[in-house]
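Residue numbers (the working numbering), protein chains in the order written: chain Z, 2 to 319; chain G, 2 to 319.
Possibly wrong hints are sitting among the right ones.
Where chains are identical, the list cannot tell them apart; a pair therefore holds if satisfied intra-copy or between any two copies.
As the list claims (entries may be wrong) - Using 27 Å as the maximum straight-line C-alpha spacing, the simulated DSSO-like pairs for lysine-lysine come out as follows:
{"hint": "1", "residue 1": "Lys109", "residue 2": "Lys222"}
{"hint": "2", "residue 1": "Lys48", "residue 2": "Lys192"}
{"hint": "3", "residue 1": "Lys304", "residue 2": "Lys281"}
{"hint": "4", "residue 1": "Lys281", "residue 2": "Lys222"}
{"hint": "5", "residue 1": "Lys283", "residue 2": "Lys192"}
{"hint": "6", "residue 1": "Lys313", "residue 2": "Lys303"}
If you're looking for bench data, these hints aren't it; they were derived computationally from the structure.
Protein chains: 2
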Amino acid sequence: MSTTTHRITLIGLGTIGMSMAALHLSRDNTIVDVFDTRPDFEDYLVKTLPSFLASPNSETGSHPGEVASLVSSGRLNIHSSLATACASATIVQEQGPENLDFKRSIWKRVESLAPASAHFWTSTSGIAASAQQQQLQDKTRLLVVHPFNPPHIMPLLEIVPAPETSPERVEFAREYFSIPGSRHRPVVIRKEIPGFVGNRLAFALLREACHLVQEDVVTAKDLDTILMASLGPRWAGNGVFESYQQGGGEGGIGAFLDKLGGTMQEVWDGLGQVSVAEVKEKVVQQTDEAYGTSISEETRWKKEERLREFLKVQTQRY
Amino acid sequence: MSTTTHRITLIGLGTIGMSMAALHLSRDNTIVDVFDTRPDFEDYLVKTLPSFLASPNSETGSHPGEVASLVSSGRLNIHSSLATACASATIVQEQGPENLDFKRSIWKRVESLAPASAHFWTSTSGIAASAQQQQLQDKTRLLVVHPFNPPHIMPLLEIVPAPETSPERVEFAREYFSIPGSRHRPVVIRKEIPGFVGNRLAFALLREACHLVQEDVVTAKDLDTILMASLGPRWAGNGVFESYQQGGGEGGIGAFLDKLGGTMQEVWDGLGQVSVAEVKEKVVQQTDEAYGTSISEETRWKKEERLREFLKVQTQRY
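Only chain Z is shown next, with the shape it has when bound in the complex:
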């Protein structure tokens, strides 16, 4: 499969779209076609894409000539019409607004413009493929490929098919991200569910975090310190089940649940059942106070470098 050239059409080049473009361009068997409705699209792309393409060891992250050279070599094509963008696609991937009407109508248009064999991927974090595919003639070709920000660095891709999506289309997406040497880790989710898996886990933890701040058990900043000083590095090294399997001593997670099941049930039964509306004010106030309300490009760049370092440590085999 890695010898086949894939032609990927990206619709919607906001932050996630730019990062997705960088992900696809980092492979040697791709041609990327990009389309966005913003009037200054080409200028914006030329200005913005380079910082996503730069090597992790670059000092500045800025290579202004790189887009021009990708265009002249034919690796990157900038389109001002959806029709030309989709005409030769192997894969069409959208990162448009999170709005069901938009998704349904864009896929209907794409279906009329792209080759009949093309795969349709949506980067949505919230709108299931089964809802998006309603106006398609061929409902078997659409599935969710949900990345985590920023996708050109973060390994996870949640592949979430609708019941009508064909298994071959699911396998194609999984294989696309599984080529040897890729740092990406596609995982197929077996049922459509709000938030898929990654965000459900994040939101479950966040709800309790908001509850503890709301109840003055801990400040937002101290809670972040707790997470970074314990669970973050633990779960960067091993998942939650593997951690309890190994932390439980003899007998693994079964023994752990036998020993601590009472405490765990007490905590589960007492978890905060808060609403977004009731926790928002205090959480926003404490978070703004702790971190300020803006982040510089330089800081963002250094954070991304650190994320790459974590992932390098993570993939050290033993």
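Starting from the known structure of chain Z, arrange chain G on it as the hints suggest.
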């Protein structure tokens, strides 16, 4: 404070106790007195402690002569009576059984044996200081110092006072773990609550993880992959509030909650409300299948080295 010599008595030298001994011995201003009721205590200590003391770059992790040299230099004293172990303590720290009757009676005995100024720290993960201090004459001296496994590597210490604990005792514990150059990060929790903060956050995520496995949305192994490929490395770099502050774009976590509050509330309202008993069978079966039921010393050692590497990346300032 770092020039004062602290004399720490450790009661209970299981895995956590051994790791705690290594933590205290890694500092240059400590004398450590150890006491445990197991009949082969001294042999066990000589055999077990070295692997906790070894340098992270050691090939084997085994330095059998090290305990003897610590003993002969006076840094480590092995006791066969609680009375001699406590006689000169600045701090008495217990890692005994998680049993309220045991905790109450050991503290009563310790109070009769230790200097009146000594600080009493319990490493409990589940029994509040206010419950443990019931039989003490001076209830102001006891507080929880809850480590995360393994404490000689993992930075977090949750300091959880009872309402009757004196603020000076809390500040002493916080300062003890805050000396310049220490990798440890003490955090004071403002209210006693089951599971404190770290385990509440872990258990909140674990409950949803168990629910998703129980409902066949994802396998235990795939869920672990999802966590390692997204939230683990993210939260190793920044806490949950800081991550949303910066991932929310302009306007930070406030804008994020405005934009995604509907989806988040839908996920919050739909989180699994499962019991330990109903999820246990499938979770244990899938976890055993994915990881086996035992872990070799060598693998454990390599995992610890990787954890140290994550923490090294984490403390790179920017």
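Each hint tested on the structure:
In the homo-oligomer, the alpha carbons of Lys109 and Lys222 never lie at most 27 Å apart, since the shortest distance is 46 Å inside one protomer and 36 Å across protomers. In this homomeric assembly, Lys48 and Lys192 never come within 27 Å of each other (Cα to Cα): the closest approach is 39 Å inside a single copy and 50 Å across copies. Taking CA atoms no more than 27 Å apart as the test, Lys304 paired with Lys281 passes inside one copy only; the shortest distance there is 26 Å, against 38 Å between copies. Only within a single protomer do Lys281 and Lys222 lie at most 27 Å apart by alpha-carbon distance; the minimum there is 15 Å, versus 34 Å between protomers.
In this homomeric assembly, Lys283 and Lys192 come within 27 Å of each other (Cα to Cα) only across copies, at 17 Å, whereas the closest approach inside a single copy is 35 Å. For a Cα distance limit of 27 Å, the shortest separation of Lys313 from Lys303 qualifies both inside one copy, at 15 Å, and across copies, at 15 Å.
Violation of the numbered hints given earlier is confined to hints 1, 2; the remaining hints are satisfied by the structure.
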